[in-house]
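Peer 1: For the protein sequence lines, the chains are A and B, in the order given.
So the mapping is simple: my numbering equals the position in the first sequence, first residue as 1, plus 116.
So that you can map any letter, position 5 of the second sequence is 4 in my numbering, and since no number is skipped, the others follow by simple counting.
Just so you know, the hints here were simulated from the structure itself, not pulled from any lab data.
It cannot be assumed that every hint is accurate.
Claimed, not checked - Just a few of them, taken from the derived set where beta-carbon distance is under 10 Å, the chain A residues facing chain B:
{"id": "1", "residue": "Arg126"}
{"id": "2", "residue": "Ser136"}
{"id": "3", "residue": "Cys190"}
{"id": "4", "residue": "Phe222"}
Unchecked claim - Derived pair list, reagent style DSSO-like, types lysine-lysine, alpha-carbon separation capped at 27 Å:
{"id": "5", "chain 1": "A", "residue 1": "Lys137", "chain 2": "B", "residue 2": "Lys99"}
{"id": "6", "chain 1": "B", "residue 1": "Lys1", "chain 2": "B", "residue 2": "Lys11"}
{"id": "7", "chain 1": "A", "residue 1": "Lys249", "chain 2": "B", "residue 2": "Lys97"}
{"id": "8", "chain 1": "A", "residue 1": "Lys137", "chain 2": "B", "residue 2": "Lys97"}
Claimed, not checked - Partial pick of chain A residues on the chain B-facing surface, computed with a CB cut under 8 Å:
{"id": "9", "residue": "Ser121"}
{"id": "10", "residue": "Tyr186"}
{"id": "11", "residue": "Thr189"}
{"id": "12", "residue": "Thr192"}
{"id": "13", "residue": "Pro198"}
{"id": "14", "residue": "Asp202"}
{"id": "15", "residue": "Glu208"}
From the three backbone atoms N, C-alpha and C, an ideal C-beta is built for every residue, glycine too.
Letter by letter, the chains look like this.
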Amino acid sequence: MEILSPIERREAARRLTELSKQNIALCLQCGKCTSGCPFAVDMDLMPHQLVHLAQLGAIAELIRCESIWYCATCFTCESRCPVEIDIAALAEAIRLIAHGELDERFGPDSISDEVARNAPQQALVSLYRKFAK
Amino acid sequence: MKVGYYPGCTLKGKAKSLDETTRHAVELLGSSLTEIEDWTCCGATTPLSETRIANLIAQTRLLAKTRDAGYDAIVTTCPFCFSTLRRANLTLQNDEIKRKRMNTYLAEDRRLRDYEDPPPDWIDYEGETPVLHMLEWFRDTIGFEYIARSCGKSLSGLKVAPFYGCQLLRPADELALCDPEDPHIFEDFLNALGADVLNFPARIDCCGSYLSVARPQAALRAGHRILEAANKLGADAVVVTCPLCFYNLDEFQPKMQEQYPEFHNIPILYFTQLLALALGASPDTLGLESHTVDPTELVRRVHESIPREVTA
Chain A
117 MEILSPIERR EAARRLTELS KQNIALCLQC GKCTSGCPFA VDMDLMPHQL
167 VHLAQLGAIA ELIRCESIWY CATCFTCESR CPVEIDIAAL AEAIRLIAHG
217 ELDERFGPDS ISDEVARNAP QQALVSLYRK FAK
Chain B
0 MKVGYYPGCT LKGKAKSLDE TTRHAVELLG SSLTEIEDWT CCGATTPLSE
50 TRIANLIAQT RLLAKTRDAG YDAIVTTCPF CFSTLRRANL TLQNDEIKRK
100 RMNTYLAEDR RLRDYEDPPP DWIDYEGETP VLHMLEWFRD TIGFEYIARS
150 CGKSLSGLKV APFYGCQLLR PADELALCDP EDPHIFEDFL NALGADVLNF
200 PARIDCCGSY LSVARPQAAL RAGHRILEAA NKLGADAVVV TCPLCFYNLD
250 EFQPKMQEQY PEFHNIPILY FTQLLALALG ASPDTLGLES HTVDPTELVR
300 RVHESIPREV TA
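Extracted from the complex, chain A is given alone in its bound form (with noise of 0.2 Å):
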């Protein structure tokens, strides 16, 4: 994992504010987020630390964290948050980035056929539409 210097930290703190348009800087750390996220139990990294590495511009640590992949929109977080933040549009920048960065975290042969046919079609659209490049 590379090492980024200050100026290419502050870089992508600066691009991750810019393309999930939250003002992660506001964040002070209360921790609702995470209180309220019905699938922080299953990160790695809890929502308010995703938002602190964040404004650190720690890019490298969070494409590689398997949070942004627990994340189901349920904006729990965004309700909660007392500077208005929205930590899921801030996941889904970071996913947009691995994207970009690493290989795919999620295909078409990541589910089976079977699922495939028997889940609604909202639950396909919208998993594809989050999770896939």
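Following the hints, put chain B in place on chain A, whose structure we already have.
Peer 2: What follows is chain B alone, placed relative to chain A:
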């Protein structure tokens, strides 16, 4: 106001009973809803980044079609459709660049459609067609008092846990349907049917959404937690509006039983199945055979206790 009914892909596929009971209930209420002709997929989700805005094309196309077909508004039961369409309108109204890009693309797309019989020119869509959820339409166009009179307390004694899920409520500043932490529109609707509406603490939780396909173990845990809460309250059924909530909470109950031996099954019902039932519809018109957890016994019991003057 002429309102166009938009079922969406899932209601014509996995969730036919939601579509059919919606139409049936509307008929029993003495009203009518016209399905938008030749509708297309809404895209299901809203792009949250500044680059993936192509994911707004489906929404723009559908809403423009609704407008061009002469409808003043679009109404849908699926919360994914509702959320993405309502949010798309706001984006198109407020973000000039995205509005221009969507319309430029779709205008060009229209021109390329058919050289021999060119369709009419694209008229820019700017977010003018309001998007309604069926609960809003029931509340504002039909009226909960009218529904209550038509149902006549048919479902009294039936203990229901209303499950909103996430897409109906959040992000609240854009959807503006109800207070995201303390909503009441679903409870008001169920009260109109005369049901015994429980104070359900898990009502605004997430069922797992698409994670039931990508991360099934995580979604199973989330779904189980929600249903455990309903069971603890002594609910007869959990009522939903969303086909994905239905799938996650109904179809995975056998797996929940395997993983959590103390768990006992609870029927999941669509809000329109309950509405049709309350209006006197026969249980075999409700599509109950598609459920994994069989609600037939419960539904028949309710149907038999409905006063005769209500039944169709």
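Peer 1: Run the structure past the numbered hints and jot down the numbers of the failing ones, going up.
Peer 2: 1, 9, 13
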